[in-house]
Amino acid sequence: MNHDFSKLPEIIDRYPRSPESLLGILQDIQKEYNYLPCEALKKTAAALDIPLSKVFQISTFYNAFSLNPKGKKVIRICVGTACHIRGSKLIQDQIESQLGIKAGETTEDMEYSIEVVACVGACAMAPVVAVNDKYYGSVKVTNVKKILRSK
Amino acid sequence: MHVKNTTQLKQAQKKIVAEQKKFPKKVIVCCGTGCLANGAAKIVDAFKKVLDERKIKDFAVEALCETGCHGFCEQGPLVVIEPRGTFYTKVKPKDVQQIIERSIENDETIEKLLYTDPQNGEKIERYNDVSFFSHQRRIALRNLGKIAAHDINDYIAVDGYQALAKVLKKMTPDEVIESVTKSGLRGRGGGGFSAGRKWRTCRDVESDTHYILCNGDEGDPGAFMDRSIMEGDPHAVLEGMAIGAYAVGASEGFIYVREEYPLAVVNIQKAIESAVEIGLLGDNILGTDFSFNIKISRGAGAFVCGESSALMRSVGGEIGEPRAKYIRSVVKGLHDKPSVLNNVETFVNIPIIINKGADWFAAIGTPKSTGTKAFSLVGKVRNTGLIEVPMGITLREIIYDIGGGIIDNRPFKAVQTGGPSGGCIPESMLDLPVDFDSLTEVGSMMGSGGMIVMDDRTCMVDLARYFLAFLVDESCGKCVPCREGLYQLHAIVSRICDGKGVEEDIEKMEKLSEMVVLGSLCGLGISGPNPLMSTLKYFRNEYEAHIRDKRCPAGVCRELITYEINDKCTGCMACIAVCATNAITGKKKEVHVINQEQCTKCGACYAVCMHDAIEVF
Numbered sequence: 001m002n003h004d005f006s007k008l009p010e011i012i013d014r015y016p017r018s019p020e021s022l023l024g025i026l027q028d029i030q031k032e033y034n035y036l037p038c039e040a041l042k043k044t045a046a047a048l049d050i051p052l053s054k055v056f057q058i059s060t061f062y063n064a065f066s067l068n069p070k071g072k073k074v075i076r077i078c079v080g081t082a083c084h085i086r087g088s089k090l091i092q093d094q095i096e097s098q099l100g101i102k103a104g105e106t107t108e109d110m111e112y113s114i115e116v117v118a119c120v121g122a123c124a125m126a127p128v129v130a131v132n133d134k135y136y137g138s139v140k141v142t143n144v145k146k147i148l149r150s151k
Numbered sequence: 001m002h003v004k005n006t007t008q009l010k011q012a013q014k015k016i017v018a019e020q021k022k023f024p025k026k027v028i029v030c031c032g033t034g035c036l037a038n039g040a041a042k043i044v045d046a047f048k049k050v051l052d053e054r055k056i057k058d059f060a061v062e063a064l065c066e067t068g069c070h071g072f073c074e075q076g077p078l079v080v081i082e083p084r085g086t087f088y089t090k091v092k093p094k095d096v097q098q099i100i101e102r103s104i105e106n107d108e109t110i111e112k113l114l115y116t117d118p119q120n121g122e123k124i125e126r127y128n129d130v131s132f133f134s135h136q137r138r139i140a141l142r143n144l145g146k147i148a149a150h151d152i153n154d155y156i157a158v159d160g161y162q163a164l165a166k167v168l169k170k171m172t173p174d175e176v177i178e179s180v181t182k183s184g185l186r187g188r189g190g191g192g193f194s195a196g197r198k199w200r201t202c203r204d205v206e207s208d209t210h211y212i213l214c215n216g217d218e219g220d221p222g223a224f225m226d227r228s229i230m231e232g233d234p235h236a237v238l239e240g241m242a243i244g245a246y247a248v249g250a251s252e253g254f255i256y257v258r259e260e261y262p263l264a265v266v267n268i269q270k271a272i273e274s275a276v277e278i279g280l281l282g283d284n285i286l287g288t289d290f291s292f293n294i295k296i297s298r299g300a301g302a303f304v305c306g307e308s309s310a311l312m313r314s315v316g317g318e319i320g321e322p323r324a325k326y327i328r329s330v331v332k333g334l335h336d337k338p339s340v341l342n343n344v345e346t347f348v349n350i351p352i353i354i355n356k357g358a359d360w361f362a363a364i365g366t367p368k369s370t371g372t373k374a375f376s377l378v379g380k381v382r383n384t385g386l387i388e389v390p391m392g393i394t395l396r397e398i399i400y401d402i403g404g405g406i407i408d409n410r411p412f413k414a415v416q417t418g419g420p421s422g423g424c425i426p427e428s429m430l431d432l433p434v435d436f437d438s439l440t441e442v443g444s445m446m447g448s449g450g451m452i453v454m455d456d457r458t459c460m461v462d463l464a465r466y467f468l469a470f471l472v473d474e475s476c477g478k479c480v481p482c483r484e485g486l487y488q489l490h491a492i493v494s495r496i497c498d499g500k501g502v503e504e505d506i507e508k509m510e511k512l513s514e515m516v517v518l519g520s521l522c523g524l525g526i527s528g529p530n531p532l533m534s535t536l537k538y539f540r541n542e543y544e545a546h547i548r549d550k551r552c553p554a555g556v557c558r559e560l561i562t563y564e565i566n567d568k569c570t571g572c573m574a575c576i577a578v579c580a581t582n583a584i585t586g587k588k589k590e591v592h593v594i595n596q597e598q599c600t601k602c603g604a605c606y607a608v609c610m611h612d613a614i615e616v617f
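As they're listed, the protein sequences go chains A and B. For the first sequence, this note's numbering begins at 1 and goes up steadily by one. For the second sequence, this note's numbering begins at 1 and goes up steadily by one.
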């Protein structure tokens, strides 16, 4: 995938040049590109003067990072305890079958990705689904379609 | 505004309070994550628009207050009209015009927007009369739903930063530690270690640098107390940390916030900036030689980073693997310097302890667990949300008086506390007082405060599988007992859920659990088998039903149940529309049939049927 990496130096410059800044930089890269492009990781390693293997170690340890590109809409299904006992599995099944992909996958047209998250902290409205930054509470089987279509 | 000393802070407070008194009425719109999801932002916009249009003379837009979470998220968006305390629930943008005309210009209440008590169907007008709120005692959550989170003036108006001023002017660090110790405050993150003793140990370590860290990682699924505090009252967290820093001799602090909490990050960042701007953080605070700066460190979605040594490594830009703690992190923590790590809720209790005194705090709760505790009361309970109660209250009071009982009047089965490290408490123990020691005694734990209520339709074996799956995912993999032990436990429980369990499995799991507890490096593994062991202890019959009778009594485990349609079916075709595998056939107005071979038992048909026509066997 081709990216415009012109923003990268600016992202790296937001932080002091020390190994401690790695996590913050990777989070900002993830936010900008929706995943961690390999090229960006190489440049980060060079800028902070740390081995690329170290950058990969961090990238694969934390759930927030993805080495694969994500779709335009990232559907995050909360599977926290409250959501679990209020039927998040059923909601997950519905979303997966309507989009034809499993959790952790992205549709071929790069429109949708499905992720399951441990808890988004909106437990009083379980089950919860988030589409990018928007949260939907008390999700029912019957409104899954509407949530997926929403902008 | 820049406050240079405590006198100026007092003057600033007076000025802000006088300014606020100009508005006889105030509209409070809850803008916590829950209410925002329900559309609170549109309500705020609608208020602004209508107020501008009408140019109401004695009521300016400034008196529209966007607060943090009230805790009653299920009823959101919430609007409160002060000073009367009129409490409107599930408000829609189209209601705004009417609220202004009737409740602000006149003192009328709008019946249809009031909360209905689920137990007797009565409409309740005032905030404080709603049973969900009236049984609570709010100390840590004192400002939530009352002040605007993003406005430091609102915090100063309610005695904000007065405790910091008091310690800087009148108390030595030792006196602060003494006071916190005397209050009996125990860490609210789960462990329950004395906050004062932790501070004392840190202060006594000789070092050129000490650190103060706030744990806002709140990884327990089913808990959102810290999130709400960080979003709704960020200055209280900063003030608590500053007092802690003064006490232990730190000049730098970090708040570690989960990346799943974007609003908390934004609000805390803003709070730090405004505190620095007016001189309540930074160099020479209030004209003293005390300097303190706070940085935000965003977590990256790893549950294990809630553990102290893992969190500190993560703050340092490393992977969050815990280390063996021959030397505790309070002695050798961040960058190998003495570091105090307290939870968000612990820090917000500090200013009020300083202001009201250790004795006042110690008199609340029980002798060994003083003060109050915030819980997220969720699951199959009628009133779900964020609550705070004095320690020592019983589970029954929480679930029935505040929570309003179980949804649809179904039978209560268990309540899970302590997240993946805690356990399930059965009905026979509903009168158990809620404090650190009682919960640990029965095989659960306080944890950070998730309280998940379950009814007869929750399968305890499935729940054990759920927690084990979570921990298998989140185990950092450094030590074998946790990495492999939990994995095997999960494999056995999954087998039981699939109806392939054998009689020896129970004993095997008990033995393996013991080994995991004894051999693991950190709390994740040590307490990991708790959900399994507590369900085995109190709900053994459910495991036996799965293994011996190949039956799931709660009707959850898919391999062991069948869905069938009875003659109540009206032929509405709703189930046909949601069935992903086309397993249901039937014509309109005729009883439908499920083809068992095609059915994946996802339960979608059961969830949508309005006529009780689908049964689980």
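Just to be clear, a hint being listed does not mean it is correct.
If you anchor each label on the Cβ, the simulated ranges turn out as follows [to be verified]:
id : chain 1 : residue 1 : chain 2 : residue 2 : range
1  : B       : LYS4      : A       : LEU67     : 32 to 42 angstroms
2  : A       : LYS7      : B       : GLN20     : 38 to 48 angstroms
3  : B       : ARG102    : A       : ASN132    : 50 to 60 angstroms
4  : A       : GLY104    : B       : SER207    : 41 to 51 angstroms
5  : B       : PRO83     : A       : PRO9      : 25 to 35 angstroms
6  : B       : ASP336    : A       : THR107    : 39 to 49 angstroms
7  : B       : LYS92     : A       : THR107    : 30 to 40 angstroms
8  : B       : HIS2      : A       : LYS102    : 51 to 61 angstroms
9  : A       : PRO16     : B       : GLU122    : 35 to 45 angstroms
10 : B       : GLU559    : A       : LYS140    : 19 to 29 angstroms
11 : A       : LYS140    : B       : GLN20     : 15 to 25 angstroms
Derived by calculation from the structure, the hints in this document are not laboratory data. Keep in mind that this is a model prediction, so the values were computed, not measured. Glycine residues also receive a C-beta, built at the ideal position from the N, C-alpha and C atoms.
query = For this structure, which hints from the list above don't hold up?
reply = 1, 3, 5, 9, 11
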